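The residues making up each chain are set out below.
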Amino acid sequence: MTRESLRPLLVVLLFSVCALTVPASAWVDPPDGWKGDLAPLSASDWNYQRAAHLIERAGFGATPEEISRLAAMTPERAVASLVDYEAIDASALKPFEESGIWDPGMDPFPPSRAEAVRRARAHGEGLGEKVLPPGTQRRLQPVVDKFFYSLTANNIETQRLGLWWANRMLVTPRPLEEKLTLFWHGHFATGQNKVRDYRMLFQQNRMLRANASGDLRALLVGILKDPGMLVYLDNGENIKSHPNENFGRELLELFTMGVGNYSERDVREAARAFTGWTNDVLAYKFDSAEHDFGNKTFLGRTGALNGDDIIDTILAQPVTGEFVAGKLYRYFVREDISSDVKAELGRSFRASGYQIKPLMRRMLLSKDFYSAPSVATQIKSPVHLVVSTYRKMGLRDVPTIPDFGRMTGGLGQTLFEPPNVAGWAGGRTWITPATLLQRGNLFRDVMFPDVKGFRPPDRAMSATDTRVGERLAQGMNITEATREGDAESNKMVDRDEDYNTRYGGYAGNLLAFKRTKQIPRQPASIDVTAMISGAHADTVDKVVDHLVHRFLSVPLADKDRAVLVSFLRDKLGSSTVRPSETLESSLRELLYLVLSTPEYQLG
Amino acid sequence: MYGLGLSAGLPFILNQTSAALAAQALQGTSIEKHPNRILVVIELSGGNDGLNTVVPFGDAEYYKARPKLGIPEREVIKVADGFGFHPSMVGFERLFKDGSLAVVHGCGYDHPSLSHFSSMGFWHTGVPNGGESLGWLGRVADETLDASQRNLIVNLGTSQSLAVRSRTHSPLVFDDPARFRRDGTDAEKQALAELSETRTTSNATLDFLASTAHNAAESSDFVRRASSAYRTPVDYGQGGGLAGNLQRVAALIAAEMPTRLYYVTYQGNNFDTHVQQADLHSRLLMYTADAVRGFIDDVKRLGRGDDVALMIFTEFGRRVEENGSLGTDHGTATPMFIVGKSVKGGFYGKAPSLTDLDDGNLKMTTDFRRVYATMTDEWLGCSQTPAILKGQFETFKVFA
Chain A
1 MTRESLRPLL
11 VVLLFSVCAL
21 TVPASAWVDP
31 PDGWKGDLAP
41 LSASDWNYQR
51 AAHLIERAGF
61 GATPEEISRL
71 AAMTPERAVA
81 SLVDYEAIDA
91 SALKPFEESG
101 IWDPGMDPFP
111 PSRAEAVRRA
121 RAHGEGLGEK
131 VLPPGTQRRL
141 QPVVDKFFYS
151 LTANNIETQR
161 LGLWWANRML
171 VTPRPLEEKL
181 TLFWHGHFAT
191 GQNKVRDYRM
201 LFQQNRMLRA
211 NASGDLRALL
221 VGILKDPGML
231 VYLDNGENIK
241 SHPNENFGRE
251 LLELFTMGVG
261 NYSERDVREA
271 ARAFTGWTND
281 VLAYKFDSAE
291 HDFGNKTFLG
301 RTGALNGDDI
311 IDTILAQPVT
321 GEFVAGKLYR
331 YFVREDISSD
341 VKAELGRSFR
351 ASGYQIKPLM
361 RRMLLSKDFY
371 SAPSVATQIK
381 SPVHLVVSTY
391 RKMGLRDVPT
401 IPDFGRMTGG
411 LGQTLFEPPN
421 VAGWAGGRTW
431 ITPATLLQRG
441 NLFRDVMFPD
451 VKGFRPPDRA
461 MSATDTRVGE
471 RLAQGMNITE
481 ATREGDAESN
491 KMVDRDEDYN
501 TRYGGYAGNL
511 LAFKRTKQIP
521 RQPASIDVTA
531 MISGAHADTV
541 DKVVDHLVHR
551 FLSVPLADKD
561 RAVLVSFLRD
571 KLGSSTVRPS
581 ETLESSLREL
591 LYLVLSTPEY
601 QLG
Chain B
604 MYGLGLSAGL
614 PFILNQTSAA
624 LAAQALQGTS
634 IEKHPNRILV
644 VIELSGGNDG
654 LNTVVPFGDA
664 EYYKARPKLG
674 IPEREVIKVA
684 DGFGFHPSMV
694 GFERLFKDGS
704 LAVVHGCGYD
714 HPSLSHFSSM
724 GFWHTGVPNG
734 GESLGWLGRV
744 ADETLDASQR
754 NLIVNLGTSQ
764 SLAVRSRTHS
774 PLVFDDPARF
784 RRDGTDAEKQ
794 ALAELSETRT
804 TSNATLDFLA
814 STAHNAAESS
824 DFVRRASSAY
834 RTPVDYGQGG
844 GLAGNLQRVA
854 ALIAAEMPTR
864 LYYVTYQGNN
874 FDTHVQQADL
884 HSRLLMYTAD
894 AVRGFIDDVK
904 RLGRGDDVAL
914 MIFTEFGRRV
924 EENGSLGTDH
934 GTATPMFIVG
944 KSVKGGFYGK
954 APSLTDLDDG
964 NLKMTTDFRR
974 VYATMTDEWL
984 GCSQTPAILK
994 GQFETFKVFA
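The listed protein sequences correspond, in order, to chains A and B.
Mapping of the first sequence onto our numbering: position 105 corresponds to residue 105, and the numbering continues sequentially without gaps.
Count along the second sequence starting at 1, add 603, and that's the number in our numbering.
These aren't lab readings, by the way, just hints derived from the structure by calculation.
Any given hint could turn out to be false.
[Stated by the list, open to error] Label pairs and their calculated CB-CB ranges:
#1 A/352 - B/796: 48 to 56 Å
#2 B/770 - A/94: 43 to 51 Å
#3 B/797 - A/31: 15 to 23 Å
[As the list claims (entries may be wrong)] The calculated lysine-lysine pairs, modelled on DSS-like cross-linking and capped at a C-alpha distance of 27 Å, are:
#4 A/240 - B/671
#5 B/944 - A/542
#6 B/792 - A/452
#7 A/194 - B/671
#8 A/240 - B/792
Since the model is a prediction, treat every value here as computed from it, not as a measurement.
A virtual CB, placed ideally from N, CA and C, is assigned to each residue, including glycine.
Work out the full structure: start from the sequences and follow the hints.
This is the structure we're talking about:
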């Protein structure tokens, strides 16, 4: 692929081509018989609309010229251009630049502030900081400050990591690679909230990407030996004398088989087999002293089973193929899967040795994928919504005003922060009356950014910390500056004279702001005027049709199209579009309306 | 009427409501025996450790099973013979002494699941080990409340809980009221109102989106104004999420929102305390007790104390024996709480045995649907309770 070098030329050439050849009204309904049919789509059924559907699901949408290019291929070639992505050079993608927030004294990181304090009391130092000499006020304060520094600094690095990934989704020449990585991130959900070490999340992200379309066994082994996952599911605590079932349970319930296909005893036996699977900071470690080498009976198999045996036994179950293939289907094709399709995809997935790539190829080529119940029936995830909008706008950088993480987080999805071990539930759960309004509002903020009023979340303190800072600046001492309210909870805070927790929170923030790279802030460079002039849209009707064509996956009802047409006509005072100082702003208002429709939520 | 109402500018909801309520009262729909009553449900997600919440300090087995995590008897807030609250639950102590807090022992269901998602689903639907797709509160609304009225169910949280999923009602779900609005100029808002009309197409997802957009447009102004105008002298404590959400409920009650069912979640899987449980659990319980105590005080201040009852649940308790990581693993039976001025405080049901266990887990003594039935039948007055809960469940006489 030489997409990058051709881009400037294509922008000019292809806009007009597609605008002329594919009017917005040219939606063709697929035949009823395609539903549930896994046979490949024939070349004669391939068109712009289906290419748009393909790149929407197997990637993050595309500009009209990119879609036209896919539409000009055969369906096999188009799907191959997404699935066989290793052949595409991605070396131009920028690496993540770490701030370097970690120093050796911080490993291994204590599970809580209380534990950090206990260790510091016992050893005279903690987290790389020395306890102050006896008789000093707040002797443990440096350790507590450092603890809170670590939390804040890791939060900021994780925000930066999320932005780095979002940029990768936006500009990658291998969109399916990122879409699959995002899928696996939700499947093998791991969150910074609990892990509190961005390095583990970054490492896991690379592991998921490297195995995203490989085989399931490698992926399972990768994730079960992944330090982030081991910490997230507390497997460091899974020891011979006290097996901790969390890891075994989630492996069976969420990663491979689904509830109802194993017994509670299987969970406990799996937990025993994974005893001693732990991590030494960023490396997997097998602690044989804590491993239970005894006999176990798991899913009917008995022996001195270890973790690898458990994985093999799970992979021998037909339900595993169906569970994982079914989840991929629900993510890429549609929510409801028929039992026939599930059985067939599961069977072929298992028969292939759990190769993900052929499964993806088959699903994305199937008539079922292009049938009416599959097309434009999926509610875009928040990350998909924002990234795909930027892609369709033709942006080459994720704007940072408004903040990407805040945008998607407000809609219920923060990268590296899934809600729980089950990942994001997706589908209709993305939508509430409040998030639906926000889904539109976000793009008003993108097109009319509040640069002056913007407060960067990577330099924001909580209300409590801000108050502490203000009071210290007024000359109060630490005790006075950190006093709050009169609820029972407050009366119990900071009785320990060795340190002040609230002050630690404040001081930790300051240090974290100093030691992390600040996210450069810039609004989007959007040019809607160029978009519509490239499409030769010189009337209000043509402008509306072009934006609908460019951004929506379903046609708009005549009544709703008329609302948009009359809105723009009123703004311009004419049915003809002429250059003027306010044209861009009027077009942006119109685009805000298009992006706020119920239709735009569908991908 | 109740002091802090925001009726100005919101007549459409209020007029409709009073008229509809009056009409239903005349028809004698059972729930309208008490047309002003409100049920607030709080979900403690993650599986709250019931044994360290309502501590059986009188039972030596408790200390045997919890050598490191057991709450020492001298620290327990003793409120009954052999039972007391975790020391951080000063707020519950106050409520209990006021006679406003009922503890129901040993709540659970047969063949318990130890999976968060399965078990929470069973509690949400009120159908353990079944495949019900609607929530129990959604079914309460379906059976007893007029579907033409909006906003009878409010769910404070980032996403809609299965508990409120209803066939005929569209619950209002929001997190931050300040952001619950449509931005833009008047012309943009006008156009968007027209673009948000409900649709009937062959695409069910699209119809769902349009209907949600329509509801959002109607309700957002009301909620936002009610919340931003609300001022209360009552201290709800520092418990971030829960305190804030309960204060939002109070704001809506003060603004005379017609809502009868409020559902409030504790964000995240907070109560899932596998590791280093003591400090975290203590903090969570303190936040919960402070926030609930604050909320009850606040609705009393609003003159609505007699109209509000609150029920607290979690998807399961923790295993009796502590684990090797100073935490506890997933368990089964666990206490529930009913709180309110109309509640006859005290202990209900029978505490599970700490020795007669099912594979290390407590055997439940109270089917949790008995507590649900108590709330729907005794509190809300639904004669359709057996249909809603798909069975007959004996209620507790908790309400005066």
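Practice item. Please name the hints from earlier in the document that this structure breaks, with their numbers sorted from lowest to highest. Key: 3, 5 and 8
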